[in-house]
Amino acid sequence: MESFSQIQELLRQDKQKEDKTSPDNRPLCMVFKQKLTDSPQAPYLDFEDELRNKVDGSWLIRESGQTGMISLSYKLGGRIDHKRFVYIGKKWKVVDYKRIAEFSKKPFEAQTKETMVNELIDSLLKIIFEKLPLTPSGMLLPLETQASAEESYYHSGPYIVLQHKLSPIQKVYDKPLDALANSIEVIKKIRQNLDTQQEMSVVKSLKEYENFSLPPRELLNAALNQAKPYREGTAKLMKDIFAQWLEVNKLGTDLFCPVTLDLFDEPYVLTSGKVVNASAWHGINQHRSECPLTRTPIVHQPEHVKGYRRKLAEALMQFYDMIKEYQLSLKNSDNLVLEDDLEKAEDPAFRY
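Under full-length UniProt numbering, the first residue of the sequence shown carries the number 1, and numbering increases by one thereafter.
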């Protein structure tokens, strides 16, 4: 049963990189949960997004939307496909969409921790490797936050692997989400000062935007809602200007990718705990096998910094409004000076 031992060896090597003193002995599930994100799109599309930038031969096992079944998602020939399996009659069967109802009516033959043996897992891997040109080294393993939480995958299903789970604490060296929240608070403070005309010294950082031509706010808002907003256009323009402002005001800590040196727009946490932009670890149809900073092997699928995209869009809108309000304050100030000059001109005491 070579395929199972290879998978076990991958898991064993990964475990050795974790804290050996961890008291938690719960088995590590090799099955991804049914849905990775809060997106309203169909669950399988989350996995297509994750596999799109992986090399050919990458694959993973995930919860099926059908109770008692399991799904395989894989990339071959530049194409992403899916297969659904069920364990019935002491063997695995491929279930196409025409037979879902047929198998859903049959009882699922659960296996407990006490009766589950290596051959059961290996038989699933064997049928996968027989039907498709996939290998154990191409398997993507879930982070603990990505793994299935369904009890059937741990205690009463045939999908558990007898292995320690990952340490519940992963060291993350950069915190771009917190840094972005801090920059938003600074912007809000400046906007408040603009409104009250107090502590105007903090507004000096905006002087270079005095004559900057802002795009329509609706155009920026629409651009930020695009699938890839920062490749070009209005959103990229505002992001670049925001990045410059952050650097000038020494607010860029944890907000710039240490590899590309650009402001984070799609940050991922690597196995090493380092945070890098998506472009720093994968390109078109290829991805790095190790962290570009520490050379630590990337043994798990890098995980998005959740909530960052939404927070960056909020920061850019706040930044836009701050510049707009600054420009309006200058215009209002000029108008007040003009009105004062006109009043003096009409006063006889100031004619000569």
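Be aware that one or more of the hints could be misleading.
What the hints assert, rightly or not - Derived EDC-like pairs: lysine to aspartate or glutamate, alpha-carbon spacing no greater than 16 Å straight-line:
#, residue 1, residue 2
1, K91, E130
2, K311, D178
3, K35, D49
These are calculated hints, taken from the structure and not from any lab test.
Hint check:
1. K91 x E130: holds (14 Å)
2. K311 x D178: Satisfied, since the Cα-Cα distance of roughly 10 Å is no more than 16 Å.
3. K35 x D49: holds (12 Å)
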